[in-house]
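J.: Sequence:
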Amino acid sequence: MDRYIARTLMSATFLAWLVVVVLEAVFSLLGELGDMGRGHYGWLDAILFVLFSLPARAWQSFPMAVLIGTLLGLGNLAAQGELNAFRLAGCSQIRLGVSVLLAGIIMLVFVLPLGEMVAPPASRAATALRAQAIFDDVAVQGGGGFWVRKGQQMIRVGRTEADGSLSDIHIYTLDAQPQLLAASVIEHAVYGAKGWNLEKLHRTRFDGQHVLVESRDNVTGVELVDPQLARLLVHRSEAFSLPELKQYIEGLEQAGMQVERYRLAFWQRLTAPLAVLAMLMLSMGMVLGPLGRHGVGLRVLAGVITGLLFKLGSDMAAHIGLVYGGPPWIAAVMPSLLVFAVALVLVRRTT
385 MDRYIARTLM SATFLAWLVV VVLEAVFSLL GELGDMGRGH YGWLDAILFV
435 LFSLPARAWQ SFPMAVLIGT LLGLGNLAAQ GELNAFRLAG CSQIRLGVSV
485 LLAGIIMLVF VLPLGEMVAP PASRAATALR AQAIFDDVAV QGGGGFWVRK
535 GQQMIRVGRT EADGSLSDIH IYTLDAQPQL LAASVIEHAV YGAKGWNLEK
585 LHRTRFDGQH VLVESRDNVT GVELVDPQLA RLLVHRSEAF SLPELKQYIE
635 GLEQAGMQVE RYRLAFWQRL TAPLAVLAML MLSMGMVLGP LGRHGVGLRV
685 LAGVITGLLF KLGSDMAAHI GLVYGGPPWI AAVMPSLLVF AVALVLVRRT
735 T
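In this note's numbering, the protein residues as written are 385 to 735.
Because the hints were derived from the structure by calculation, they are not lab data.
Computed from a predicted structure; not experimentally measured.
For glycine and all other residues, C-beta sits at the position ideal for the given N, C-alpha and C.
Wrong hints could be hidden among the right ones.
Once the Cα atoms are required to be at most 20 Å apart in a straight line, the calculated DMTMM-like pairs of lysine to aspartate or glutamate come out as [stated by the list, open to error]:
#1 K578 to D547
#2 K578 to D559
#3 K584 to D547
#4 K584 to E545
#5 K534 to D559
#6 K584 to D601
#7 K695 to E408
#8 K584 to E571
#9 K584 to E607
Computed beta-carbon distance windows for the label pairs [as the list claims (entries may be wrong)]:
#10 F398 to Q642: 37 to 47 Å
#11 A725 to I689: 53 to 63 Å
#12 L496 to Q561: 47 to 57 Å
Make a model of the complete structure from these sequences and hints.
T.: Set out below in structure tokens:
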């Protein structure tokens, strides 16, 4: 029975997942139409960007695919009377739930490497490809920073923050020889209405045989890099594996930067398997209830609506946690626990 249920749920889930991923790719490609024509960004670049972005999108959409696939798989078993046959043979609701959860664990074993090993480097490659195609004289480096050539200046940005600000900036000014005229180090830069506002600027100028050193706490209205480029290269959580994200959070904390958003993303990634298992139990409760007597179309519609409501609830919990400063693990795990509670209520009503 375990093998039969696992095969049924896995085939239905991966079929639903394929449909969801294809739709994600189509809508993502349509979203890139606005940037086509900027710089050298064309159709081929947009297609490559979407393909490199797909692993992260596929991992994020997997809980909804599990919900729809389980509704289809278990719904077909219920429509054909096979679930009733299992129960008449002595299979309790708890035992059926164990079979469903085992199928979910097997799927997670195959899918988790996609989210933790394939998606992060693919997301970084997508960001680098898009930035270098849209903006000229930009080179994205592996550590997350980037280089920009602006006239006689070579600008290296070590890190882009979630709000679009920049940290660990080095500016090298060259002459036509080229020889180094000046070197500047900037701790942090924030874009404002009049341009970039620099914090803790240290500049060294080489004038013949003399070296001039200048330090200023704040400089306002500076032209640095295109703010759209800074927003484009913002570090997103999907560009890190969980160990890399944890290390990145520790680095931000040591630098005194805000880490609440990244810490919440870390807990959301860590509890993502729990969301998948919650969707499995919810699907079982819905199929064992009145939904199991309806057709495929209604089950798919119910799965899509429920998945969207879960996504909306997860986003609301995340924003509430960020605004009120609650523990990030509570905001990350609460939607899944609520789904588990609803699933248990539905299952108990069918016993």
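J.: For each hint, tell me whether it holds in the structure or not.
T.: Here's how the hints hold up against the structure:
A hinted pair counts as satisfied when its Cα atoms are at most 20 Å apart, and K578 with D547 qualifies at roughly 17 Å. Using a Cα cut-off of 20 Å, the hinted pair K578 and D559 is violated, with the two alpha carbons roughly 28 Å apart. Between K584 and D547 the alpha-carbon distance is near 19 Å, which keeps this suggested pair within the 20 Å criterion. Restraint check for K584 and E545: the C-alpha separation of about 17 Å stays at or below 20 Å, so the hint holds.
For a cut-off of 20 Å, the pair hint linking K534 to D559 stands: about 13 Å separates their Cα positions. Of the supplied pair hints, the one linking K584 and D601 holds, its CA atoms being roughly 4 Å apart against a limit of 20 Å. Among the hinted pairs, K695 with E408 is consistent with the structure: their alpha-carbon atoms are about 15 Å apart, no more than 20 Å. Between K584 and E571, the direct Cα distance comes to roughly 6 Å. Compliance with the 20 Å bound is thereby established for this hinted pair.
In summary, the hint linking K584 to E607 is supported, as the alpha carbons are separated by about 16 Å, within the 20 Å threshold. The beta-carbon spacing between F398 and Q642, approximately 39 Å, falls within the hinted interval of 37 to 47 Å. Between A725 and I689 the beta carbons are some 19 Å apart, a value that contradicts the proposed interval 53 to 63 Å. About 54 Å separates the C-beta atoms of L496 and Q561, a value consistent with the hinted range of 47 to 57 Å.
Of the numbered hints given earlier, the model fails hints 2 and 11; all others are met.
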